[in-house]
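**Q** Spelled out from the first residue to the last, the chains are:
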Amino acid sequence: MVNPALSPSQSTWFPLTRWFFVTLAQKSQGMFWTIGTAVNYSRTLIPCLLKGRVSFKHLFGQTAFIGVDALGIALVMTTFAGMVIALQISKEMVKQGAGNYVGALVAMATLRELAPIMTAVAVISMVGSAYAAELSTMQITKQIDAMRTLHVSPLRYLVLPRLLAGIVALPLMTVITTISGILGGMVVSNLLADIHPGVYLDSVWQQVEYKDVFSTLTKSVVFGYLIVVLSATIGLNTKGGAKEVGTATTQAVVWSFLAIAVFDYILTYLFYGSM
Amino acid sequence: MSSYLPVQHAPKTLIHVKDLHKSFNGNHVLRGISLDVHEKEVMCIIGISGCGKSTLLRCISGLETSDAGEIHLEDDNFTMVFQYSALFDSLSVYENVGFSLLEEPDESTGTTRRFQNLPEAEVRRIVEEKLRLVGLDGIEDKFPNELSGGMQKRVSFARAIVSDPKIILYDEPTAGLDPIASTVIEDYILKLRDELEAASVVVTHQHSTIHRAADRICLLHEGRVQWIGTPQELERTDNPYARQFANASLEGPLTD
Ligand SMILES: Nc1ncnc2c1ncn2[C@@H]1O[C@H](COP(=O)(O)OP(=O)(O)O)[C@@H](O)[C@H]1O
Ligand SMILES: [Mg+2]
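Residue numbers (the working numbering), protein chains in the order written: chain A, 38 to 312; chain B, 995 to 1250.
Calculated from the structure, these hints are not laboratory results. On a predicted model such as this, the values are computed, not experimentally measured, just so you know. We treat Cβ as the ideally placed atom computed from N, Cα and C, and that holds for glycine. Don't take each hint at face value.
[As the list claims (entries may be wrong)] Across the chosen pairs, the derived CB separations fall in these ranges:
1) A/49 to B/1172: 54 to 62 Å
2) B/1114 to A/97: 15 to 23 Å
3) B/1245 to A/53: 42 to 50 Å
[What the hints assert, rightly or not] EDC-like cross-link-like pairs, simulated, lysine to aspartate or glutamate; straight-line CA separation at most 20 Å:
4) A/276 to B/1083
5) A/94 to B/1114
6) A/94 to B/1097
7) A/94 to B/1100
This is chain B alone, in the form it adopts within the complex (with noise of 0.2 Å):
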């Protein structure tokens, strides 16, 4: 069973997404896409490759600008794990886990830290702990291209969540890892949701982190949300879609 807990006051929304359209050069990838994703949530985005999935995190983030509809971040602590881990390769692993407490930020942005100017044996610490946290030691440091794909992810998710964001978007962060990883980056996902009550969107292909990790699922096809729901509805819907997608078959609307 999900560990999905039903609120009993309103939950706050922290992430909130109207209407939203997006296209590349006449690709029309986001056709109408609206979505509210609450604190202390966990919201699982599935869909087949090529859907939109990483457009419609990069334009959450803003990485994207979006041709029509609403985005609405209710905190600026936010952040992003990418698909492809991104590390900067020139930087040690510490340098990278510790990039936002070192660097300056980026005043243009607007963005408020919850940590700054710390001591460098503070954030050497913070660094420690974190990466301790995604089960990796002694490793600080090391350089990127010294570390199989799966640390790489690791040490990715570590620097994404060092400042302790509110709102955190993973690209597939369980892709490529081997299944003791993938519960280790599944329960943190779900510590996160408890300890910060962030507001997590989770791209996903693995059951195993639709079953572990999410509070509800949404489904995307042909730009659209095709369905939403908890983990227990979508063994029990009879849209199509979501019929498809849980029983991984090849006859369906998903397949037309």
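Chain A extracted, bound-state conformation (with noise of 0.2 Å):
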């Protein structure tokens, strides 16, 4: 005989199996809800941006913290990429006689993927992170419900500013790494290929078109428009404690690199998919 409270009965599995679609259901509903906010808000912001109407008081500090914060880590991680995917090639390629083109890939790779994606990545976990924690916090001391029984839109007030500063601080940021991440290709090629840094500079010349940069920027705007007002959304949007302020600040880090996985396949489709 078997004991029947040691075997897996039904009584067991059916407790699990609910468990597991109430809490998928709860997460989806979750997420559908913040999405919404999140469009919600933007039929606020959009039109404030387009007709101009920010404070531009805080521009200059507010993209000067995302660049001070983020940029010395995007650098490290777009430099590196491009060292790395340097390191991978030249040889081969040399090998096969097409070492001319390196510079061409290194390039390519970086300018439309690795320098925004890096840049993104970077912006996301010290600025997005810091962006949730803070609105978070203001939200449950009541900050922001005090704010708006003063009359003044939590929206236009607090978040107006920090979007115009992310949408203006990521593109710029991502030309820097762009440079970067190329120039630490060229180092490496030369050092393990010998592939002349002349001859490099020229085939990344050769390769490089306005499209790409075009396209480059378009995603680094979309990409900090994302970050700024998914982690707002998040941050004013917690309810409880000390406890909530913390899943706020690492949902609002999740969610945004979710977001710019599946905005950056969405863009790239739209500039090269139709090719």
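Take the two lone chains, each set in its own frame, and fit them into one complex as the hints suggest.
**A** Structure, rendered in structure tokens:
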């Protein structure tokens, strides 16, 4: 006889299955709610941006904050990424007689993908998380409510200047990280495969088109927008206490990563997919 | 004796709440509240902790949307004083108190400001005047975390009244203050009532506040208004809820 208490009967599996689906339902409900709220906020934020109804008082400070916090990390990440690409391909390409095209390949990878993505990753971890922590703390200590009862819009006062800073800072940073990623690749290909920097840069120059630059700048503006709006949406709608501030911060980081992965695909498809 | 004066003309109702319902995830907190507050009147809301007093204020101020019922404010120059100060901790005391004068108003709420586009010097003068009124001097350049809890509370009071509001909602304005600071706040609530002819709703637990400042008292229990009356009537009423609250006794309908 098998002890019935030890066998995984329906009564133990059922609650587990149920728990799984209930959790899934709750998580996706939260996700749709957050997306809906972010879209709703955008309906206020985008017209303000387009009409220039932003206080430029804080723009310099906020942009500098993003730059100082995240540029160093973004530079290191993109430079190493460019170096790794060069490391992966230089020797092989020289062997195949295509050494003249190493610069073109590194430039394409860095400019189109690595630089905007690495820069966004750095901004998410340094700045998006800080925004989410700050706004969620203001929310749970009722500072956001107090602002509303003083008839000042938290979206206009708190989110808009950060949003403007985000969509200004990310493209600027991406330009810098692209250059440093390509230069990183140049150094590595010269040291390891003896490719002359002049040949490398020539190949970079031949490859890069205006379209690539334009698509990358568009991507980084969209990434900046997504990071700030998602972090702000999650921060402003935090309920609870200190523990929820932590959760909100993590959530802002994870969601921004996911949003960037998805939008990177969508934008790449729009720019290059139809070719 | 309270300073309640009977009014000859019918007083104008500034806050009108009718059959208000509010629940949070099935927790039915407000179950049909009806309440009118007139100009030149201080209405104290009392009730045991967790009975929904803050929720009622938040519904009136529009911070929570109600599930059913009516809320009508006769004047859009309203403001709220929060239970835990809620000062902006990255701004100085001056920027906190002057916040609604310095920052652009949210046009989407259709709020008209009494003061707008004031020169910096004028804002500074108003801020200093309001701070002096609550007994604070020369702390304009300090930050909230450099102040004691009682001082923070008084700064938040000054911030709320900076634009001379007609409707003022106070969530436990005197909780955690020493008796002298409490008296200052209570007197100021009365002063605003008389000078601005403001309608005030004061959530409080404190007997001193009820007896010094209240024109009428409203007792909430289980999401309903159980009793409304003047402080004098509170002493004489035989309503069991009001009796138990007035006597602070452990036996009675509030604790059942
Ligand atoms: N945002 C909220 N979400 C869920 N429940 C809430 C929320 N706000 C208040 N409540 C609940 O409503 C009830 C009344 O709360 P509150 O109005 O703060 O009481 P009081 O101010 O009278 O002490 C409490 O049971 C509280 O748990
Ligand atoms: Mg309360």
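**Q** Are residue 1245 of chain B and residue 53 of chain A spaced within 42 to 50 Å by their CB atoms?
**A** holds, 48 Å
**Q** Has the hinted range 54 to 62 Å been met by the Cβ atoms of residue 49 of chain A and residue 1172 of chain B?
**A** holds, 59 Å
**Q** Does the structure keep residue 94 of chain A and residue 1097 of chain B at a Cα separation of 20 Å or less?
**A** holds, 12 Å
**Q** Next pair to validate is residue 276 of chain A with residue 1083 of chain B; report whether the Cα-Cα distance is within 20 Å.
**A** OK: residue 276 of chain A and residue 1083 of chain B at ~19 Å, within 20 Å.
**Q** Between residue 94 of chain A and residue 1114 of chain B, is the straight-line Cα distance small enough, at 20 Å or below?
**A** holds, 15 Å
**Q** Within 15 to 23 Å: is that where the Cβ-Cβ distance between residue 1114 of chain B and residue 97 of chain A falls?
**A** holds, 21 Å
**Q** Taken at face value, is the distance from the CA of residue 1100 of chain B to the CA of residue 94 of chain A at most 20 Å?
**A** This hinted pair holds, its Cα atoms lying about 18 Å apart.
The structure shown violates none of the earlier numbered hints.
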